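> Once you have looked at the hints, place chain A on chain G.
Quick note, the sequences are listed as chains G and A, same order. Residues 1 to 737 in the UniProt record's numbering are what the first sequence lists, from first letter to last. Residues 1 to 139 in the UniProt record's numbering are what the second sequence lists, from first letter to last.
Among the hints, erroneous ones may be present.
[Claimed, not checked] Straight-line alpha carbon distances no greater than 25 Å define the calculated DMTMM-like cross-link-like pairs of lysine to aspartate or glutamate that follow:
{"#": "1", "chain 1": "G", "residue 1": "K557", "chain 2": "A", "residue 2": "D5"}
{"#": "2", "chain 1": "G", "residue 1": "K574", "chain 2": "A", "residue 2": "D14"}
{"#": "3", "chain 1": "G", "residue 1": "K549", "chain 2": "A", "residue 2": "D14"}
{"#": "4", "chain 1": "G", "residue 1": "K557", "chain 2": "A", "residue 2": "E25"}
{"#": "5", "chain 1": "A", "residue 1": "K122", "chain 2": "G", "residue 2": "E604"}
{"#": "6", "chain 1": "G", "residue 1": "K285", "chain 2": "G", "residue 2": "E272"}
{"#": "7", "chain 1": "A", "residue 1": "K27", "chain 2": "A", "residue 2": "D14"}
FYI, nobody ran anything at the bench for these hints, they're computed from the structure. The structure displayed is predicted, hence computed values, not measured ones.
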Amino acid sequence: MTKFSVDLNNCDKEPIHIPGKIQSHGFLVAVDKNSLLITYISENAGVFLSEQAKKLLNKELSLLNHFIKQHDVAFNIEDLLKLGIIRKSFDAISPHPVEINGLPFYLIISPSKNDWLLEFEPVTLQFDIQSSIGRSASSMLLGKSVSALLKGAAQEIKKLIQYDRIMVYKFLEDGHGEVVAEEKEAGLESFFGLHYPASDIPKQARALYKLNLTRLIADVNIADSPILTLKENEALDLTNGSLRAVSPIHIQYLKNMGVYSSFSISLISHGELWGLIACHNYSPKFIDYKAREGAKLIGQILSSALEYRQEEEDSKVIEQFKSTANVLLEHLNRDKYLIEAITSHKRTILDATKASGVAVIFENELKTIGNVPSEKDIRELSEWLKTNTGESLYYTHQFPEIYSPAKKYKSTASGILCCMLNKEIGEMIIWFKPEMITTVNWAGNPEKPVVSAENGLLNLSPRKSFEIWSQVVNNTSEKWLAEEITSVLRIREIIITHINKKANEIRLLNEKLQVAYEELDTFSYTISHDLRTPLTSIKTYAELLLKNKNIDENGQKMLSRILVGADKMNFLIKEILNLARVGRSEIISETVDMESLLQEIKGEVWSAFKADQTELVLGKLLSIKGDKTQIAQVFTNLIGNAVKYSAMVAKPKVEVTSYIDGGEVIYTVKDNGIGIDNRYYDRVFELFKRMDNVKEIEGTGVGLAIVKRIVEKHNGRVWFESKLNVGSTFFVAFKNR
Amino acid sequence: MKTPDIFYVEDDIDYAFFMQSAVQEVKDNLNLIIVDDGAEALQKLLDFAESKTKPKLILLDLNLPGLSGLDLLKFIREIPYLKTVPVILFSTSDNPEDVKASIEFGANAYLTKPDGYENLLKCVHSVHDFWFNQHLRLN
Numbered sequence: 001m002t003k004f005s006v007d008l009n010n011c012d013k014e015p016i017h018i019p020g021k022i023q024s025h026g027f028l029v030a031v032d033k034n035s036l037l038i039t040y041i042s043e044n045a046g047v048f049l050s051e052q053a054k055k056l057l058n059k060e061l062s063l064l065n066h067f068i069k070q071h072d073v074a075f076n077i078e079d080l081l082k083l084g085i086i087r088k089s090f091d092a093i094s095p096h097p098v099e100i101n102g103l104p105f106y107l108i109i110s111p112s113k114n115d116w117l118l119e120f121e122p123v124t125l126q127f128d129i130q131s132s133i134g135r136s137a138s139s140m141l142l143g144k145s146v147s148a149l150l151k152g153a154a155q156e157i158k159k160l161i162q163y164d165r166i167m168v169y170k171f172l173e174d175g176h177g178e179v180v181a182e183e184k185e186a187g188l189e190s191f192f193g194l195h196y197p198a199s200d201i202p203k204q205a206r207a208l209y210k211l212n213l214t215r216l217i218a219d220v221n222i223a224d225s226p227i228l229t230l231k232e233n234e235a236l237d238l239t240n241g242s243l244r245a246v247s248p249i250h251i252q253y254l255k256n257m258g259v260y261s262s263f264s265i266s267l268i269s270h271g272e273l274w275g276l277i278a279c280h281n282y283s284p285k286f287i288d289y290k291a292r293e294g295a296k297l298i299g300q301i302l303s304s305a306l307e308y309r310q311e312e313e314d315s316k317v318i319e320q321f322k323s324t325a326n327v328l329l330e331h332l333n334r335d336k337y338l339i340e341a342i343t344s345h346k347r348t349i350l351d352a353t354k355a356s357g358v359a360v361i362f363e364n365e366l367k368t369i370g371n372v373p374s375e376k377d378i379r380e381l382s383e384w385l386k387t388n389t390g391e392s393l394y395y396t397h398q399f400p401e402i403y404s405p406a407k408k409y410k411s412t413a414s415g416i417l418c419c420m421l422n423k424e425i426g427e428m429i430i431w432f433k434p435e436m437i438t439t440v441n442w443a444g445n446p447e448k449p450v451v452s453a454e455n456g457l458l459n460l461s462p463r464k465s466f467e468i469w470s471q472v473v474n475n476t477s478e479k480w481l482a483e484e485i486t487s488v489l490r491i492r493e494i495i496i497t498h499i500n501k502k503a504n505e506i507r508l509l510n511e512k513l514q515v516a517y518e519e520l521d522t523f524s525y526t527i528s529h530d531l532r533t534p535l536t537s538i539k540t541y542a543e544l545l546l547k548n549k550n551i552d553e554n555g556q557k558m559l560s561r562i563l564v565g566a567d568k569m570n571f572l573i574k575e576i577l578n579l580a581r582v583g584r585s586e587i588i589s590e591t592v593d594m595e596s597l598l599q600e601i602k603g604e605v606w607s608a609f610k611a612d613q614t615e616l617v618l619g620k621l622l623s624i625k626g627d628k629t630q631i632a633q634v635f636t637n638l639i640g641n642a643v644k645y646s647a648m649v650a651k652p653k654v655e656v657t658s659y660i661d662g663g664e665v666i667y668t669v670k671d672n673g674i675g676i677d678n679r680y681y682d683r684v685f686e687l688f689k690r691m692d693n694v695k696e697i698e699g700t701g702v703g704l705a706i707v708k709r710i711v712e713k714h715n716g717r718v719w720f721e722s723k724l725n726v727g728s729t730f731f732v733a734f735k736n737r
Numbered sequence: 001m002k003t004p005d006i007f008y009v010e011d012d013i014d015y016a017f018f019m020q021s022a023v024q025e026v027k028d029n030l031n032l033i034i035v036d037d038g039a040e041a042l043q044k045l046l047d048f049a050e051s052k053t054k055p056k057l058i059l060l061d062l063n064l065p066g067l068s069g070l071d072l073l074k075f076i077r078e079i080p081y082l083k084t085v086p087v088i089l090f091s092t093s094d095n096p097e098d099v100k101a102s103i104e105f106g107a108n109a110y111l112t113k114p115d116g117y118e119n120l121l122k123c124v125h126s127v128h129d130f131w132f133n134q135h136l137r138l139n
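This is chain A alone, in the form it adopts within the complex:
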């Protein structure tokens, strides 16, 4: 399996589409894997651990049917192989309770879904700059 750059769990197919477009626009050779429900995401995560493929960044939508973003986050932090992968919680909600819970469960960042494509583009730019360029430099 080709190592994904970004693993994105998102049930809103529209938003998944926008993310795909935005990521490509930012850097067209970034490898993005998107799954649209918690159970499938769980299976994928187990596959990653099995095959020793480590995504560079995991993006989790907070509100997912079945398993939530927070549930997945807890799960990731319990898999030794994936423990160190940066995870960003991604949600329409700006509820402080959600933010607090995410950070407590070990999220690296909490992002409110930007409004509109231009804003999303800006957001993905920043994420890319930080987690792929600056982050790497830091390492």
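Bound-form chain G, shown alone:
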């Protein structure tokens, strides 16, 4: 057998299941599974049996019967083994009490690869512990939370095995461990909360912990006993044995801590090694097999309770998240605005995770709840997320390490979880978790596994220093749980479905509106058209009657009033027809020469209003792209208004000019007339709206409505500036392309 030279760099490769030695508080005999001949025997068997161990090799198992006294003489050791083989389990047989040289021993049988392991160890417990284990288990299970459960387990184990220190040691994600519960003798330094580097318990040791659930190191100072065999090239696998000798590295480790005896119980959750119950004693202390089995049972009960309690705690969180999603869905269906629905009620989007703050960016609005960075910081952060992250989810618990500007608000947002709603326009929800300036206490400096050589002979030495070495973890928040991610994905689905539904509703509404608008245009067109015929009849009859010499002066007057009314109505109908035509007609776009157009309009307007005394000043007249007829309508209306509403001033003056601003050609039509009261600014372009100060002046209130409709059809803008009794300037902006 090749000797494996172990040190701290290769201890994770040390074949600890085949140490070739056993702890010498008991002795071991192994028999071949086929021949039942003794293949291996520990050297110290000779001490117990008063016979040279070597001599027993390759002998029949029955030979052992000479040295062992059984309670039932008729029942020899081969029968016992055969019974176990037939039953395919030694659970009912082990431990089998025997007597060797007048002292009580337990025989414990377990399988190895090609052999059966027969281990003999002294019986020390004088009473049956069965009942006290039952009591221990039930008082442990009184703990309702996971931490109470662990604390209870440590207490019960301590009562059972009477060791100085009992620790529950939990393996964390990266393999390092933390002491999560502790029970100890008063006066001992506490290890609670300490972290141990992953290298403390090497991989293959963990594998053994999963297979063999208890492990006793009875006394670190007693020399091991070598296993004798004739099969020099085949090491005996002691995985299932309880006497297996301990790695020298581990012995050194225990010695450094002042520990004489060590005992551990594996905690398995969902088939994985969740942790260990590690027990230390500061003087040598053997634990009777039955007490070890009792401790193992408590460990198993704890394991399943842990699974159950953890699941219970997890499912509580999941239920909470699910109900938040449902509540938000209800709010979304009831409320008009999304932001309000998810932020303004008792249950909010913040409850979808365990975060301490959340920001919602939607429709250019930013709404926050809880502890969040400043608005400016959130805006910048959202820009970064928009360009640097994907379409749906992004999260980290160490954001300042990734995005350094976040360092200034790390106390509120070391952890972020971003749920993108619309990446293109940067709509998102961001949850924040504060920095946890956690001080992790290490059992020795994790970065320097070898502190010093123990003595000159050993070129290897395990950790000697056991002082607390602490590390402050910066820029880090609590991790985002899988449940939180699931919850956010669920909420995202709900919100996006909602947004799509809303968008669809708006689109449908828009279509309906479009149809209604067209119908209204057709309606106004038809009605105006049909009204004109009877109106013409009324007017004409009135005219005919006026010719009748028999009608007296009073009658003539009334007939004249009918004529005036009919004319007014006719004009109004014509204007509505014009307005309706704008809606119905297609724009035939061309480049319009404004110079000649305005000259034409001038002739028309000046003769219509008999405005000879009004001065027209034409400035720069840039050409416009648009429908010539409609543009003519715009300027006829604007210039007509300018003339009409300035006619009563001393020197009426109308100025028309244009300029380019950005992508627009802007025309201004300015007069020095009566002006518009700015209080009615918004109503000026409304249909049939006429201002109080123009009651005396002829008009229908349709002109500016037509102007607005035409300009909007051209994707342009129209507005005005005005001062009462000083004048008005109307601006029309057309797209310059």
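Here is chain A on its own, set in the frame of chain G:
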């Protein structure tokens, strides 16, 4: 049958009345026959052809129930006897499409119905001057 000076097809009884008044005011001895629907107009036209009576001028309202003014115009142009009678299409519509169609089908003129009696009077004056005086002189 007395030869009519003007044959007028008009379904709007008001407008027919105004036309009657206007024509009388312009020249009180002008003979005006008015019918108010297409089918009746068609029968009348056939009677004219049969009895060899030729109106001096035909006025057709464009929008008539049943047969339209344009239909009647086509019909007139297909009757050899009436082919040469001047026909004026008369309508409230100033739709260029209507004007174009009327001229294509052989109307001699297209008139938009004047607004108000005074305007109608002016219109009938012009029509009378052209088609009854000047026109005759030209012939």
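> Each hint should be assessed against the structure and marked as holding or not.
Going through the hints against the structure:
1. Our distance criterion of 25 Å between C-alpha atoms is broken by G:K557 and A:D5, whose separation comes to about 37 Å.
2. Distance restraint check for G:K574 and A:D14: the Cα-Cα separation of roughly 21 Å lies within the 25 Å cut-off, and the hinted pair is therefore satisfied.
3. With a C-alpha separation of about 21 Å, the suggested pair G:K549 and A:D14 falls inside the 25 Å cut-off, and the hint holds.
4. Restraint check: the Cα-Cα separation between G:K557 and A:E25 comes to about 23 Å, which is no more than 25 Å; the hinted pair holds.
5. Proximity of A:K122 to G:E604 is assessed by CA-CA distance (about 24 Å); at most 25 Å being required, the pair is judged to hold.
6. Note on G:K285 and G:E272: the hinted pairing is violated, with a Cα-Cα distance of about 30 Å set against a maximum of 25 Å.
7. Restraint check for A:K27 and A:D14: satisfied, since their Cα atoms lie roughly 20 Å apart, inside the 25 Å limit.
Taken one by one, the earlier hints fail for this structure at numbers 1 and 6, listed in ascending order.
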